[in-house]
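Participant: Each chain, written out:
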Amino acid sequence: MHVLNRWRSWVWVLPALALLLVFVYYPIVENLRLSLYSWNAFSAHPVFVGLDNYKTAAEDPIFWRALRNNTVFAVTSLVFQVGFSLVLAAVLEEFVHQRLRGILRTIYFIPAVISITVAGILFSFLYNPQIGLLNRALGALGLVSWQHSWLGEPGTAMWSIIAMSQWQSIGYTAILFVVAIQRVPREFYEAARIDGAGRIRSFFAITVPMVREMTTLITILTISGAFLVFNEVMVMTAGGPSNSSQVLGTWLYRNAFLNDDMGYASAIATVIFFITLLIGASQIYLSRRRRIEW
Amino acid sequence: MRSLTRVGASLAAVVTAVALAACGTPSTATTSGKQANLSTPKEKKGTLTMVTKFADPKYAPYFVDVTKAYEAANPGVKIQLEQVGDQPYKDKIRVLSASKKLPDIYFSWAGDFANKFVRANLAADLTSVIGPDTEWGKTFAPAALKAFQTNGKYYGVPIDLDAKYMAYNKKAFAKAGIANPPDSLETLLDDCGKLKSAGYTPIALGNQYGWPAIHYMTQLNAYAVKPDTLSKDYNPATGAFTDPGYVTALTQFQSIVKQCATPQANGLSHEAAQANFLNGKAAMHYLESLEFLALTTKGGASKDLADNWSFFKLPASSSSPGDTKALTGAPDGFMVNAQSENAALAVDFLKFMTNAQNAQKLTADIGWLSPVQGSATSSNSFPQLQEALTDMGKASQFAIWLDTVTNADVANAYLSGVEGLINGATTPQQVIKGVQDAAAKAKKQVG
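Which chain is which? The protein sequence lines are A and B, in order.
Take our numbering: the last position of the first sequence gets the number 295, and nothing is skipped along the way.
Take our numbering: the last position of the second sequence gets the number 1374, and nothing is skipped along the way.
Each hint should be verified, as a subset may be incorrect.
To be verified - Reference listing, derived: stretches of chain A covered by chain B, where coverage requires no fewer than 3 residues with Cβ under 8 Å from a Cβ of chain B: (1) 210-218; (2) 241-247.
To be verified - As a list, the in silico DSS-like pairs of lysine-lysine whose alpha-carbon atoms are at most 25 Å apart: (3) B:K1371 to B:K1028; (4) B:K1370 to A:K56; (5) B:K1097 to B:K1208; (6) B:K1073 to B:K1097; (7) B:K1185 to A:K56; (8) B:K1017 to B:K971; (9) B:K1153 to B:K1121; (10) B:K969 to B:K1017; (11) B:K1098 to B:K995; (12) B:K1371 to A:K56; (13) B:K1368 to A:K56; (14) B:K1121 to B:K1208.
If you are wondering where the hints come from, they were derived from the structure by calculation, not from laboratory data.
C-beta: ideal position from N, C-alpha, C; glycine also.
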């Protein structure tokens, strides 16, 4: 009976396992292998080139710029989508009146349900140097010298995209934090108040440590999301001007489908894979270690 | 815990097995030198697959209509038409060719894009049916056929004629006191000053995705560099880009940007810039003849603009060593899959698509010029379109778009370099240095 049960459980697991193998593990292995060849969609004879594609990446200034842009994206997202969102969630829960709370939560959450492409186009209008809301607003405030061709200048293009992404994601992560905060037993706060702790003290002494698990999760999601970013950049600048807003995803795409250098694109994909793998592994490690039970 | 280890072990074993199984060569196009039989099939039967890049609702219905008409005339034939957008087409066709799922008929730009299919043996040699001396070939403008010629063989069926022109607002020119359109680059730059004083943006330029600036460079390179040098440099196997004319062309473009173009052009899309021309704020706009329809009332322009625009070819500098009669543009076309079993049927359908009636329908329905001779008449087109056709007839040759005629690395170096030029971040010398490096890399890959 025991043996039969074990086999039965295998039968249940097998379809999922097969799907994973075919659609996740096989492509990963295949991609690793292809990154060792020089080939494209039209090439008759793929040439084995060993680690040449990785060497090309190491010597490619745009690859490094893309990596830097991803890193900047990750760090900024961390500040806003984890740090700022947590504060926002705490403020929503602690300071705002019950009736207003629901409305505000909805308002913050709305950007998250807008498709990235739509949001990208929307922000392209906002950033339009001639008729865009942003430049018009700056002009109205007399800050003409602050006006920019936001998506058209190498210095501002990446930051403009990052800003759009923060606008879209803060609400989402804030709602996740709200859920986590609601799970914290109210007695803790009451006890702290009796002990004379103010709201700010309560935030640091109770809220922050009690939502640690959620913080870890959101941190991992945010960072790995920042390294996988593609749509926002593609819609708003396609990596330009002068490759200043390339990220690893768009540089991979450009090499694969426009430069016909699939081997190099596979090498970039492998780099992205290892970065996200590292982040994923650290999530598993950290969330095991820090789990709080009550 | 024990069973978990076991699952892990089996998983590792399977992953390894898959990895080993995958150790062949990457699956790419085959290169058998099979030559498709192109003679008109006795019995027209079967299913044809076709992919175009004309998903734009303005253009898509024409292709749907033509395929339906062919199906109606040949009940045994079914055509599976798939139309995608311009950018997605570039991905899709690569994925299809890598996975050996190339359709029987597929779209191609002229230049290196088409040559990639030729080199990989994916494009059928159509010389026997569409060569300039054949019955079908004679119906086309020779320059259009030539755009799809490689090593003396003809691989493409041109579907439209497209050239780049500077459209101008006659009212704006009159207000600025400009009697005639400029006949040299120097006059153009002068006129820009006058137009600015009259309160206009001289040239509406939106370069958000890079290619609009590339079209200027295509024309300016053709003017500033001798044709032989140009074709040598545009060939990835021999490209060097050391001729001083390239720097001259970039410097000329820099002057156009500084003195004429919309400021901050990198932050504006081509369409947003076009809106400035349509609403009368900008006096000129560099656009393709395929876009001319947008400047007519049928295409949505105001009557005020539609009645008051004309166009001229971007003028050459008075001291240009290159071919001053070259015209930026190229026909787009369709190619036939060399491995297709329906190649003959595909050719028959393309003959149908480019017969006199359907060529006239192309101009009447979507405002494109057809490479089929005599297809634009006063009844199916508007005056500017006919003038464009006459002007294309005067051109010595088409200067094919710089970003499709050259190798992709060179094209990218130009794209990002010229964007920097617009921002003022790079100099013409720096741009050409980047292009030279890319050309050296391309030479190594091809050679």
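Participant: Work down the list of hints and note, for each, if the structure agrees.
Facilitator: For each hint, the structure was consulted:
A count of 0 residues in the stretch 210-218 of chain A with a Cβ less than 8 Å from any Cβ of chain B is obtained; the coverage claim is therefore unmet, three being the minimum. Check result for the stretch 241-247 of chain A against chain B: holds, 4 residues qualifying (beta carbon to beta carbon below 8 Å, three or more required). For a cut-off of 25 Å, the pair hint linking B:K1371 to B:K1028 is broken: about 30 Å separates their Cα positions. Straight-line distance between C-alpha atoms of B:K1370 and A:K56 comes to about 19 Å, which keeps the hinted pair within the 25 Å bound.
Under the criterion of a C-alpha separation no larger than 25 Å, the hint pairing B:K1097 with B:K1208 is consistent with the structure, at around 13 Å. Between the alpha carbons of B:K1073 and B:K1097 the distance comes to roughly 35 Å, so the proposed pair goes past 25 Å and is violated. About 40 Å separates the Cα atoms of B:K1185 and A:K56, which puts this hinted pair outside 25 Å; it is violated. Distance restraint check for B:K1017 and B:K971: the Cα-Cα separation of roughly 31 Å exceeds the 25 Å cut-off, and the hinted pair is therefore not satisfied.
Of the supplied pair hints, the one linking B:K1153 and B:K1121 is violated, its CA atoms being roughly 32 Å apart against a limit of 25 Å. Restraint check for B:K969 and B:K1017: the C-alpha separation of about 35 Å exceeds 25 Å, so the hint is violated. Pair hint B:K1098 plus B:K995 does not hold up; C-alpha atoms about 44 Å apart against a cutoff of 25 Å. At most 25 Å may separate the alpha-carbon atoms for a hinted pair to count; B:K1371 and A:K56 meet this at roughly 16 Å.
Distance check on the hinted pair: B:K1368 and A:K56 sit about 14 Å apart at the alpha-carbon level, within 25 Å; holds. About 14 Å separates the Cα atoms of B:K1121 and B:K1208, which keeps this hinted pair within 25 Å; it holds.
Violated hints, listed in ascending order, are 1, 3, 6, 7, 8, 9, 10 and 11; each of the other numbered hints is respected by the structure.
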